[in-house]
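From first to last, the protein sequence lines stand for chains A and B.
So in the working numbering, spot 100 of the first sequence is number 100, and the numbers just go up one at a time.
So in the working numbering, spot 14 of the second sequence is number 14, and the numbers just go up one at a time.
These are computed hints drawn from the structure, not numbers from a lab.
In this text, a Cβ means the ideal position worked out from N, Cα and C, and glycines have one as well.
Just so you know, nobody snuck in bad clues.
The following label-pair restraints were derived from C-beta to C-beta distances: (1) B:A79 / A:Q77: 45 to 51 Å; (2) B:R77 / A:G28: 30 to 36 Å; (3) B:A79 / A:Y10: 36 to 42 Å; (4) B:K69 / A:G99: 16 to 22 Å.
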Amino acid sequence: DPKIIQKPKYLVAVTGSEKILICEQYLGHNAMYWYRQSAKKPLEFMFSYSYQKLMDNQTASSRFQPQSSKKNHLDLQITALKPDDSATYFCASSQEWGGADTQYFGPGTRLLVL
Amino acid sequence: AQSVTQPDARVTVSEGASLQLRCKYSYFGTPYLFWYVQYPRQGLQLLLKYYPGDPVVQGVNGFEAEFSKSNSSFHLRKASVHWSDWAVYFCAVRHITGNTGKLIFGLGTTLQVQP
Numbered sequence: 001d002p003k004i005i006q007k008p009k010y011l012v013a014v015t016g017s018e019k020i021l022i023c024e025q026y027l028g029h030n031a032m033y034w035y036r037q038s039a040k041k042p043l044e045f046m047f048s049y050s051y052q053k054l055m056d057n058q059t060a061s062s063r064f065q066p067q068s069s070k071k072n073h074l075d076l077q078i079t080a081l082k083p084d085d086s087a088t089y090f091c092a093s094s095q096e097w098g099g100a101d102t103q104y105f106g107p108g109t110r111l112l113v114l
Numbered sequence: 001a002q003s004v005t006q007p008d009a010r011v012t013v014s015e016g017a018s019l020q021l022r023c024k025y026s027y028f029g030t031p032y033l034f035w036y037v038q039y040p041r042q043g044l045q046l047l048l049k050y051y052p053g054d055p056v057v058q059g060v061n062g063f064e065a066e067f068s069k070s071n072s073s074f075h076l077r078k079a080s081v082h083w084s085d086w087a088v089y090f091c092a093v094r095h096i097t098g099n100t101g102k103l104i105f106g107l108g109t110t111l112q113v114q115p
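Start from the sequences, fold in the hints, and give me the full structure.
Below you can see the structure in the form of structure tokens.
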């Protein structure tokens, strides 16, 4: 059974619209993360949360807003979508934030903005 | 600034041959290093990780990696490649100073396996 669920797998959106990417982890972890994988670029860290609190934000744009309604959920709301937002977005989790705990990744949501 | 370089975008080997995928890192201090693999249309899976200690670490499916502080490298090796190893391999370094949770990734190396 998948331990980190991301929904949807694929998403097509029009420029200017808003979408929410869903992430749920069933590993009992206390830290969760978002990364983005754009074409020709390395995976890029976006956010980290620990016990539902934002710990680190490396995303320049306020159009990207993480939302944690439960300890094992970390959704990503993206507003005013642009074609440059097209990428695969990966959610990850680790037992604790910081330190050396291994991060486990979900299967990703592939977003295409037209 | 911390960074990871994977100098080979693509590596092609014959099935049964040995493999080395290169990774160079730039990091001030003692790094924690990881190799992840991404199979087609899947997320990243951990192959192995290095924490300060024995420089050679063993991973899953016969993979191993060797940390070299003098060369700032963390190369991945496998003695005999299988066709199922066809995937993209990512090297990553994690901050351990400043207590951040951030992983820094290289661009990845695509491994192609010839029959």
